[in-house]
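Undergrad: Next come the chains, spelled out residue by residue.
There are 2 protein chains.
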Amino acid sequence: MAAPAPLSPLAPKKYPELPAIPGVKFATAAAGVRYSGRTDVMLALFDGPAAVAGVFTRSKCPSAPVDWCREHLSAGVARALVVNSGNANAFTGAVGARAVADVGEAVGKAIGAAPGEVFMASTGVIGEPLEAARIAKALDELVVGVKRDGLMEAARAIMTTDTFPKVATARVKIGETEVVINGIAKGAGMIAPDMATMLSFVFTDAAIAAPALQAMLSKSVRRSFNAITVDSDTSTSDTLLMFATGAAAGRGAPEIVDAGDPTAADFKRALDRLLLDLAHQVVRDGEGARKFIEVRVEGAASRKAAKRIALSIANSPLVKTACAGEDANWGRVVMAVGKAGEKAERDKLDIYFGDIRVAHQGLRDPAYDEAEASSYMKKSKIVIGVKLGIGTARAKVWTCDLTKEYIAINGDYRS
Amino acid sequence: MAAPAPLSPLAPKKYPELPAIPGVKFATAAAGVRYSGRTDVMLALFDGPAAVAGVFTRSKCPSAPVDWCREHLSAGVARALVVNSGNANAFTGAVGARAVADVGEAVGKAIGAAPGEVFMASTGVIGEPLEAARIAKALDELVVGVKRDGLMEAARAIMTTDTFPKVATARVKIGETEVVINGIAKGAGMIAPDMATMLSFVFTDAAIAAPALQAMLSKSVRRSFNAITVDSDTSTSDTLLMFATGAAAGRGAPEIVDAGDPTAADFKRALDRLLLDLAHQVVRDGEGARKFIEVRVEGAASRKAAKRIALSIANSPLVKTACAGEDANWGRVVMAVGKAGEKAERDKLDIYFGDIRVAHQGLRDPAYDEAEASSYMKKSKIVIGVKLGIGTARAKVWTCDLTKEYIAINGDYRS
Chain P
1 MAAPAPLSPL APKKYPELPA IPGVKFATAA AGVRYSGRTD VMLALFDGPA
51 AVAGVFTRSK CPSAPVDWCR EHLSAGVARA LVVNSGNANA FTGAVGARAV
101 ADVGEAVGKA IGAAPGEVFM ASTGVIGEPL EAARIAKALD ELVVGVKRDG
151 LMEAARAIMT TDTFPKVATA RVKIGETEVV INGIAKGAGM IAPDMATMLS
201 FVFTDAAIAA PALQAMLSKS VRRSFNAITV DSDTSTSDTL LMFATGAAAG
251 RGAPEIVDAG DPTAADFKRA LDRLLLDLAH QVVRDGEGAR KFIEVRVEGA
301 ASRKAAKRIA LSIANSPLVK TACAGEDANW GRVVMAVGKA GEKAERDKLD
351 IYFGDIRVAH QGLRDPAYDE AEASSYMKKS KIVIGVKLGI GTARAKVWTC
401 DLTKEYIAIN GDYRS
Chain H
1 MAAPAPLSPL APKKYPELPA IPGVKFATAA AGVRYSGRTD VMLALFDGPA
51 AVAGVFTRSK CPSAPVDWCR EHLSAGVARA LVVNSGNANA FTGAVGARAV
101 ADVGEAVGKA IGAAPGEVFM ASTGVIGEPL EAARIAKALD ELVVGVKRDG
151 LMEAARAIMT TDTFPKVATA RVKIGETEVV INGIAKGAGM IAPDMATMLS
201 FVFTDAAIAA PALQAMLSKS VRRSFNAITV DSDTSTSDTL LMFATGAAAG
251 RGAPEIVDAG DPTAADFKRA LDRLLLDLAH QVVRDGEGAR KFIEVRVEGA
301 ASRKAAKRIA LSIANSPLVK TACAGEDANW GRVVMAVGKA GEKAERDKLD
351 IYFGDIRVAH QGLRDPAYDE AEASSYMKKS KIVIGVKLGI GTARAKVWTC
401 DLTKEYIAIN GDYRS
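Listed in order, the protein sequences are those of chains P and H.
Numbering of the first sequence is given in my numbering, commencing with residue 1 and proceeding in unit increments.
Numbering of the second sequence is given in my numbering, commencing with residue 1 and proceeding in unit increments.
There's no promise every hint is true.
Identical copies look the same in the list; a pair holds intra-copy or inter-copy alike.
Simulated pairs of lysine-lysine, DSSO-like, Cα-Cα distance not exceeding 27 Å [to be verified]:
{"id": "1", "residue 1": "K348", "residue 2": "K60"}
{"id": "2", "residue 1": "K304", "residue 2": "K137"}
{"id": "3", "residue 1": "K387", "residue 2": "K60"}
{"id": "4", "residue 1": "K147", "residue 2": "K404"}
{"id": "5", "residue 1": "K343", "residue 2": "K137"}
If you're looking for bench data, these hints aren't it; they were derived computationally from the structure.
Computed from a predicted structure; not experimentally measured.
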């Protein structure tokens, strides 16, 4: 491992307090999966069966734990979540599948649950066999050590090249009863859309049936985790799991069985905000990131076209290096619009950096002041706006700049 | 402009002599389009009407000269080619179209041809109006100065961030008559497939009718210029034009009117090799490149799938930074195979670095020696092989590594 990268300059100035969530406890351990001198396994243990929903990588070569979670998600019941860092258990074939089954069995036995009620995720190096025994050995310590306020420690245990733990929390009412949503995430490289992002785990004490939870999660992810990109590289392991303990039902919260239930409207908005917050934190910890970039595309022929153009801009190495160099190089934005393969009419295209219109209807804006634009590019958050002038569809995506530090981090990861 | 980058370590050790091609002469001038103290315009002047074929960027925001060439290509007749560096005349709207028409008219007048017989290309900064008058002013000097052996100088005049001129030559028989093919190219960044690569101009004295020339060129480009990528960014301006003067007919060469004519078989093979040579030179001059990378995908379900997977590997920032770091990180190759969206079965996948099989049937190869693989990664040419084990289709693409120098070059281009 290379020396840990210094804290991202885009890291949050402070972390929120994470209130305890009735119905779930957390523990971490230093199991020595790969790293030494740090925690690398987290356990979330539910007091009773929790409803579970998940969204996974679209990689055609998914990791063994992704296969496992997909297989067991249909039952919709979780008793525990085990996550390790250091080894992704990906491209490990039958050995990897065996390791996952072994962990499921060991955890199930330790907590008195069926193996399929144990959800799992792994992050780290690809292609190395995961030694399930190391995790199994840490189980006693984990099961004994669970506590209500252990989520921040869990967020730290799942970090790899992350420079800060990613946490978010929200309180929201369902009916007259306040419920809590807490979320954690990890991920800094190999971040690209199509739920191909990182690991994230969200917990709530709301009472929500698994199918409704799945519908909410799948919808919310489109404009959050599926709208960010660090390097266009889609991981084999990306996993977002959400658990609803239902403990709030004991305090009078109505059970949500249909995602369209108007009682859940505030909850869904809070979930949208929380996932977007976590997704932005992943971008802010993008490997080598010095700038947080928002790309807004408006006036597209369709939502799909808008998002494709936005991602073409956000994934362009030339746009990203221009941002790193604080260069208001809008010609590269034109290039990225052009290469997206979606309808665009050069002579209708407007381009903005922040509020500064640099190009108007196919020409450099006559009023455009390069000094003003250059000064804008020095900010740590840059908004690139594109108005296509063709239709009414829009999309927003987020990324970071591409710096020499990205190369340094990734040219030296395994050595 | 940043200071010019040092010569690529992957540059050819020597340049071939470019024999004169009967029927065409070349000149260059320092027109001051953007640069000072160097040539920035080239003229190719044909003795008589030459057959012309072309392939262009698929960008939805093409440059004004690309629009111009597309419009006039159907007539298939060229009398001159004018290329400038320093300004791409892209995203310049009606002003850009006017500039192209002005240059066409001025050149046509100077040489006694119709404006539509003057082909054009521009490369450089996007979004700045091109001052046609600067090129027009240099015309007298250009027209007077043309010479048979001016092609190497022309190759230098069209360079932008290139660190070396790219030239290639071949002699081949059509029937009993030897003909010459000479080609030049420029391009170092904003290089990606879909004929979205760079500028390249190929000249031959063979007698080939325009439709046959077009068919040959379109086919040959698939496995050469459309199989390379530096940074996945597709330019607005990319242009490959090929001209056949027909002068060899005077020496007895038969005229080729059908691309399928067996008399042209050797010529087509020579053209394939020449375009591949030029395309490889573009990759070898990829911005910041230290390593030349060949990606071979075999056993895919279709040719399209093979190429898409190969490009997914070749465009992956994580694969490219691993190569830069001389890290035999085959897990990132798995990731790139998985994200391509094409059929792949983890448990059938074999991965090679050179001849070293690092992964076999979904698992790290038990015989794989990391020290040997690490030593292989120190070479300046790296071959990444993927055997999917699904079908029989294959593809090869070429790219370079992603280094800190790429960031340095592109973070400081316009400033």
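Undergrad: Report the numbers of all earlier hints that the structure fails to satisfy, in ascending order.
TA: When the structure is compared with the hints, numbers 2, 4 and 5 turn out to be violated.
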